[in-house]
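Number of protein chains: 2
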Amino acid sequence: MYIEKIDSPADLKKLSGKELDTLSNELRQTLLKKLSEHGGHIGPNLGMVEASVALHYVFNSPIDKIVFDVSHQSYVHKMLTGRKDAFIYPEKYDEVSGYSEPNESEHDFFVIGHTSTSVSLATGLAKARDLKGDKENIIAVIGDGSLSGGEAYEGLNNAAELGSNIIIVVNDNQMSIAENHGGLYKNLQLLRKTRGEAERNFFKTFGLDYLYVNDGNDVHALIDAFNKVKNINHPIVVHINTVKGKGYRFAEENKEMFHAGGPFDLATGKMNYNFYDDKSYMGLTANYLLDKMKEDKTVVTITSGVPLFNSERRKLAGRQYIDVGIAEEHAVAMSSAIAANGCKPVYGVMSTFIQRTYDQLSQDLCINNNPALILVFMASVTSMNDVTHLGVFDIPLLGNIPNMVYLAPTSKEEYFAMAEWGIKQTSHPVAIRIPTNGVISTGEIFNEDFGQLNRYKITKKGSKVAILGLGSFYQLGESVVEKLKNDANIDATLINPRYITGVDTAVLEDLKKDHELVVTLEDGVLNGGFGEKIARFYGPTTMKVLNFGIKKKFIDRYSVDDVLKENHLTAPQIVDDIFKIL
Amino acid sequence: MYIEKIDSPADLKKLSGKELDTLSNELRQTLLKKLSEHGGHIGPNLGMVEASVALHYVFNSPIDKIVFDVSHQSYVHKMLTGRKDAFIYPEKYDEVSGYSEPNESEHDFFVIGHTSTSVSLATGLAKARDLKGDKENIIAVIGDGSLSGGEAYEGLNNAAELGSNIIIVVNDNQMSIAENHGGLYKNLQLLRKTRGEAERNFFKTFGLDYLYVNDGNDVHALIDAFNKVKNINHPIVVHINTVKGKGYRFAEENKEMFHAGGPFDLATGKMNYNFYDDKSYMGLTANYLLDKMKEDKTVVTITSGVPLFNSERRKLAGRQYIDVGIAEEHAVAMSSAIAANGCKPVYGVMSTFIQRTYDQLSQDLCINNNPALILVFMASVTSMNDVTHLGVFDIPLLGNIPNMVYLAPTSKEEYFAMAEWGIKQTSHPVAIRIPTNGVISTGEIFNEDFGQLNRYKITKKGSKVAILGLGSFYQLGESVVEKLKNDANIDATLINPRYITGVDTAVLEDLKKDHELVVTLEDGVLNGGFGEKIARFYGPTTMKVLNFGIKKKFIDRYSVDDVLKENHLTAPQIVDDIFKIL
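Residue numbers (the working numbering), protein chains in the order written: chain A, 4 to 585; chain B, 4 to 585.
Pulled out of the complex, with its shape left as it was, chain A reads as follows:
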């Protein structure tokens, strides 16, 4: 196979035109085999096979620098830059990350995982090149979906002013994770329809030069185009029309399902799991919201690129479901305004992406104190383990904004009681940190007014030691209490704090009477988190406090068990640490 002989782009450049076609086919089959066995981003990479080959055939990486947006489409780039073995040999599958990674290769310039940043990053590389008097090509690759994020626009707007070489490859596969939303996409459609000839051209309005490639999966057409723009002395957009999932029937037919996931059965296209499983919090939430929206036409579900509903549910929800594209800032501001005008917005978002909209949370939502509800998914050290997708920073981010009520339920019943209150109430911006340790049903019935803010719930009254088990770590608290009883006959108090954003001073004061140690457990980074507030509260007193959580550190592709152990987040370790204090 040709693929086995490609150790660097130099080897690629030796191939003939026909050999490039064969190589592209090999790359696609190799990708498919790994993805079906291992999982990963499927459609984006299948669509980028030929463009990746053409980029490396024409340009001189790593002198010329290619920046991939999100970089979930950089697998073929990796295969062509010395990392093919991690795609060919199952035992080496995990030797590469799913995103670009400078530690793997000199051909990667940034660790990237969030959207809409490649043009800005490329503009910075180009600016530095110009200051140094260098001459290399700087290439940004960005998908049509990623163009919905504001930073992509800021990048285009500024790239247009650069006055020197920058090549922006717009990989237009006509999809985000789900379908695209926004006026821009009609313009891209017009450009595809007119083969780039339409005078009404989003990119040209910035003064950017523009080149259209109709068959973005034809390696020869792409090589021609890239040769035309190589060493250009001004900014240009190369708009390539590609097919998401290209070359794999099931992925072409069901682009949304095959955006990412797997493993899957290569022959039948059957995925081994269902993201929208009705028994998961994602599925339960979607069904709950569908019911709410049916009974109340002012309830509206908002998402930003990562669909909370599958396509069937989206149809059922109709105009009460809005996908704003990968535009978290817009989603939050819009939610605030929907609430201000008397309706009931529910914005569903992952922990790793809520951090893209701090200013809107603070300014548009919380200063205005509008009653929008935000559902935060995958907020946990046990969720995604790529360094770019960690779910452990949302507590410092959301938890320190005035007026925000950030809730941490510990069971299915508590979660939906909080959601019910969050939708109904009109006094606060509310966010709920959805548990991540499985759907735990307690059968408990809630009649509580969560508007009585910051009332912690004492679930077991004991003495000497009190355990505050927050959200997903409440059950860990149960284990600690049990072990304290078994190992040392200590009747510890167990508390479900419920409110991340407030301190229950009455409960904490009361603990002073017959407790000497308060322990906090939180499924997130310690710095700026929940536990530190408890430590501050008891700072001037003799009460001792032990905060358990995750150390402030970027961790990547980790074993959850290892990280839990490193951070002393197992019941035996916690109990040991408690004994050291007592």
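It is worth saying that the hints were derived from the structure and are not from the lab. By construction, the Cβ of each residue, glycine as well, lies at the ideal position given by its N, Cα and C atoms. Heads up, a few of these hints could be off.
[Claimed, not checked] Label pairs and their computed distance ranges (CB to CB):
| no. | chain 1 | residue 1 | chain 2 | residue 2 | range |
| --- | --- | --- | --- | --- | --- |
| 1 | A | Asp-227 | B | Lys-135 | 47 to 57 Å |
| 2 | B | Gly-166 | A | Asn-290 | 22 to 32 Å |
| 3 | A | Leu-456 | B | Asn-492 | 42 to 52 Å |
| 4 | A | Thr-462 | B | Ser-167 | 44 to 54 Å |
| 5 | B | Ile-235 | A | His-41 | 44 to 54 Å |
Chain B: place on chain A using the hints.
Relative to the frame of chain A, chain B by itself:
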């Protein structure tokens, strides 16, 4: 005067065409008098006089809803909606805020102060209207400068999909605070030149309808235009060409100086102060950076809409000064990439605006660990006191991101030593929280390698009580130490922590020997801040800890002295609180 008879828009609607001209003139003169005596946003409001009159003449506020971007141009709107007295009578000047404020009037829908949000907010109001089956007009007013922010684009992209009434008034005065930057502005120029006829039209690429008004300071032309779009059944942009500072010669001639400020001499246009005073940290920093850039062509200063250099210095800096527009996300990503490609970016930004780019700080900068330097200005409870411009949230925001080194200098010499190190070093993303308590020169000479992270500096060794005075509050720490000595003969230890982002465990361990109380002082919100980390460190020990800082709360137009007192941030209060513990 007509102005005295306007208690609501209904009174305005009774006026004849000619009377509207007279009223506009009165409004402008009233504005000028107040602004010259009181200060505020000058140019933006002078340019919006006629548009504000026309909007309220045509539309039916508050049923029809007008959302102002930034809302620094909403003064005339306030004068027309029952708040004229606060502009006419000096003793009532402070009865209105400088931004829109629902607590003042039913004609205001949001507290706004940051940029680029009005289209998103208006889209939310419109969506709620549609869900409820209402029919009012929703109007967003946004300036050309604000269009440089990504959220404005996200808003336009989504507004285009709304399928119902939304009127986006683009107030094009051809300026941001300073001149605009970005390719978009050439398109706006083309549209003005062609009186809106050019086929290459940024707004139309989203599928938005479009109407151009060449004389945006002609109340009759504006009334005609607004009458045309009133009750329209789809999204439309009304692009109005206005003059920033209209009707006041000095403001028209020096648009940047007269963006905001004052008081000033109405007759001569002489401002009573100079923002770029060479003796302020702003001026000192600009001169320092100019020198650095002269000696090293790879140093580059980046700003985002709020100029760090005045126009003369910008000319001197040439291509080593970049203003990216109000695009903080782009600024951070670009800075990271400039550093990645071997140059030395210095990004200057205000505390209140750094929060617009958390995700890029975390992902593009800190995960990649690139050595960009960020200078954070006005980070203090003593800086701006509008609720939308508070400078007290940057510590929780920046201080809890892994890899970030956030420094808090306590003097001029220490600041520039840190800046010098920050530019030279290549190991960390570094931010510096520039002091806000005046330029304090100690004459101290620094030869320190700040790369030896998290080493607190013990400036006075004592016992019993240790004071950690962070940054601008170091001198408060000095006062506390002095008072402890004078009042109770306590020889307290004084520490300059310098590193916001780290805990000096060696120094803190050592304090255990002969101290019983550690006090932290920080000029920011307590929640998620510096002091809580010290409280967490000592949580499991017998050391007592007292954290002083600002309570988590949105505060607006406050007296600094009052807020300091409320938060026990005066030396006598702190000493009292210490005595209560000892």
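Hints, verified against the model:
1. Checked against the given bound of 47 to 57 Å, the beta carbons of Asp-227/A and Lys-135/B, roughly 54 Å apart, stay inside it.
2. The beta-carbon spacing between Gly-166/B and Asn-290/A, approximately 27 Å, falls within the hinted interval of 22 to 32 Å.
3. Distance hint check for Leu-456/A and Asn-492/B: the Cβ-Cβ separation is about 44 Å, which falls inside the suggested range of 42 to 52 Å.
4. In this structure the hint that Thr-462/A and Ser-167/B lie 44 to 54 Å apart at CB holds, the actual value being about 49 Å.
5. A hinted range of 44 to 54 Å holds for the C-beta pair Ile-235/B and His-41/A, which are about 53 Å apart.
The structure shown violates none of the earlier numbered hints.
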